[in-house]
Amino acid sequence: MSAEPKVLESYVLAEFATPDALVSATNEMRLKGFEGMDTYSPYPLHGGSEALGLPPSRVPFIALGGALTGIVTALAFQTYMNTIDYPLNVGGRPTLSLPAWVPITFELAVLLTAFGIFFGILGLARLPQPYHPVFESDEFRSASTHGYWLSVPKAVTGKADDIMDQLKALGATHVTVVTGEKE
Amino acid sequence: MAETAAHTAAALDPLEPRPLVAPHHDDKSLNETLLDHVWAKPGKGWFMLFGLALSALGLLVLGVTVTLARGVGMWGNNQPNGWAFDIINFVWWVGIGHAGTLISAILLLFQQKWRTSINRFAEAMTLFAVMCAGLFPLLHTGRPWFAFWLFPYPSTLGAWPQFRSPLVWDVFAISTYLTVSALFWYVGLIPDLAALRDSSKGKLQRIIYGAFALGWRGSGRHWHNYKIGYLLLAGISTPLVVSVHTIVSFDFATSLIPGWHATIFPPYFVAGAVFSGFAMVITLIVPARKYLKLRDVITDRHLENMNKVILATGLIVSYGYLMEHFIAWYSGNEYEIWTFYVNRARGPYAGVYWLMIACNVITPNIFWFKKCRTSIPIMWVASILVNIGMWCERFIIIVTSLTQDFLPSSWDLYSPTWVDWSIYVGTLGLFSTLFLLFLKFVPAVAVSEVKELQLELKHAAHHGSHGTDTAAAGTLTHGAH
Chain A
1 MSAEPKVLES YVLAEFATPD ALVSATNEMR LKGFEGMDTY SPYPLHGGSE ALGLPPSRVP
61 FIALGGALTG IVTALAFQTY MNTIDYPLNV GGRPTLSLPA WVPITFELAV LLTAFGIFFG
121 ILGLARLPQP YHPVFESDEF RSASTHGYWL SVPKAVTGKA DDIMDQLKAL GATHVTVVTG
181 EKE
Chain B
1 MAETAAHTAA ALDPLEPRPL VAPHHDDKSL NETLLDHVWA KPGKGWFMLF GLALSALGLL
61 VLGVTVTLAR GVGMWGNNQP NGWAFDIINF VWWVGIGHAG TLISAILLLF QQKWRTSINR
121 FAEAMTLFAV MCAGLFPLLH TGRPWFAFWL FPYPSTLGAW PQFRSPLVWD VFAISTYLTV
181 SALFWYVGLI PDLAALRDSS KGKLQRIIYG AFALGWRGSG RHWHNYKIGY LLLAGISTPL
241 VVSVHTIVSF DFATSLIPGW HATIFPPYFV AGAVFSGFAM VITLIVPARK YLKLRDVITD
301 RHLENMNKVI LATGLIVSYG YLMEHFIAWY SGNEYEIWTF YVNRARGPYA GVYWLMIACN
361 VITPNIFWFK KCRTSIPIMW VASILVNIGM WCERFIIIVT SLTQDFLPSS WDLYSPTWVD
421 WSIYVGTLGL FSTLFLLFLK FVPAVAVSEV KELQLELKHA AHHGSHGTDT AAAGTLTHGA
481 H
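First to last, the protein sequences are chains A and B.
Its first residue numbered 1, the first sequence is counted upward by one per residue in this note's numbering.
Its first residue numbered 1, the second sequence is counted upward by one per residue in this note's numbering.
It is worth saying that the hints were derived from the structure and are not from the lab.
Certain hints may be false.
Unchecked claim - Across the chosen pairs, the derived CB separations fall in these ranges:
no., chain 1, residue 1, chain 2, residue 2, range
1, A, Asn27, B, Pro144, 57 to 63 Å
2, B, Phe151, A, Asn27, 48 to 54 Å
3, B, Trp368, A, Gly171, 51 to 57 Å
Ideal placement from N, C-alpha and C gives every residue a C-beta, glycine not left out.
Chain A with its partners taken away, still in its complex shape:
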């Protein structure tokens, strides 16, 4: 909690009838120079990431980090435990039995990769986040079921009315302004 009151976030929200209309409107708005826009849809939009001009996802790198951590950790602890700290002689087999380390190494790599992906998706999305200004609009509830929405942060360029007019011209069926609650 900061001492200063947080600046209120406000967005222009526009609903489009079809996913294609949303994607092309997003493209148009991006070409006009709007930044920080976001689309909302019940399923991933084809060409949605390109329309928003997003850089490649970082999830694969986080996953790779998980995999490498898993491999190194598993090899290290098995070698330390069964070769160095507590060597067990089983029928004269070498105490450093790398082939026998493979299954656990593989499993730990998969486990940490999965954790990397899961927390990567959530972390990059800043989830869980129970509140977001877009939830102020009741109509916006359709975004998870059958609505295709675009949000434009108002503060970036000029007035909300102007943005709303432009969005209507691009085929928005419904436009509104939402303002976040004070923290």
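Following the hints, put chain B in place on chain A, whose structure we already have.
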């Protein structure tokens, strides 16, 4: 019924593949169809089944209590049958779980569109089956409260686990499998939980589903990471599922017991797992799609495809049996020959052996015929027979090999006690309880993925006759609660 008529109409033209999603749907009607069963009050049938499942769960509580209070001596295990029902049921349940991962992961990577309607369902099955599976080795340790000894932790004893033992590999494999399946399932659920939150009518429902949805708002920036993450999860689940049953088979294959000591075990176990898992999906999905009114998204084509997989994996399993017998004879090893040709086929458990052959080798072959692949009653009965057969297979592998090994002086027969049976039936109860709760509280079909698929299909295809549309649409309104 109009719906059946619609499906037959669609099936009439053999050159047109039958639709994966009934063609008359849009996002809104899909919502209604797929979320409806969550909002609807469960019917009498659900409560009856739930009661039945709970009573079976009671048997589990009883069996586990007796086991914990009096020890594993209450089980039928003896010398030489140190492994019996506990391991049979463990392998059986893990195997059932594998079809879920196969459907959700491998078919996603192969871009098999038909997986979309059934993956949620199959993943839930995986999760619950692995939970049931995990109980058995845990109880078999005798003192499950010391189960953490299996994990490497700095103990005062100064000892570490023996990482050359497949039993320790199992611990890592099963716990990883359970965790990754749960993550995969939950990641897939998040958008649907948001849909439930946003279509809920009551405040309590909104809060609960909202909490599980983590504030998901379908943002394009989130989907951007989600899409690739989901694909990667599928990518790592694919080798994971193969590794898990491979490691389970190592429990046997690395030993010297006749009938276990075979290099064919890993692939043969994985095929058997997929075989029984798909059968279990059929067993569950046939009644569920009827009562949840999901025929528009889980179509006859899905069932037929699954039956084809059952046929294919059934043939692999049969080949596995053939090879085991051939190698036993070809090796010239008298213990192997005894195990396969005398003990299994003509010994004290020959009945179970021949039941296994009938269920696993003969039954799947009916799916060569389209009539059988598309007949609901036939496939349902066959799927149950396959599951019985696969249970018998594990019984045969484990019990016959142990009862008569190298020294006749150490031979002894095995028979399960009532505690064994009540724990086994109890896990069926646990599984059904969890599954019924799943069907009640969560969309049984991945709504968001079906919408995406439906859009793709609309973009791609031009077929789908008008007559079919109206007929099926009529039933939909009729069917919608």
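Holds or violated: the 48 to 54 Å window for the beta-carbon distance between B:Phe151 and A:Asn27?
Holds - the Cβ-Cβ distance for B:Phe151 and A:Asn27, about 52 Å, lies within 48 to 54 Å.
For the range 57 to 63 Å, tell me whether the beta carbons of A:Asn27 and B:Pro144 fit it or not.
holds, 59 Å
Range agreement (Cβ of A:Gly171 with Cβ of B:Trp368, hint 51 to 57 Å):
At 53 Å between Cβs, range holds.
Checked against the numbered hints given earlier, this structure breaks none of them.
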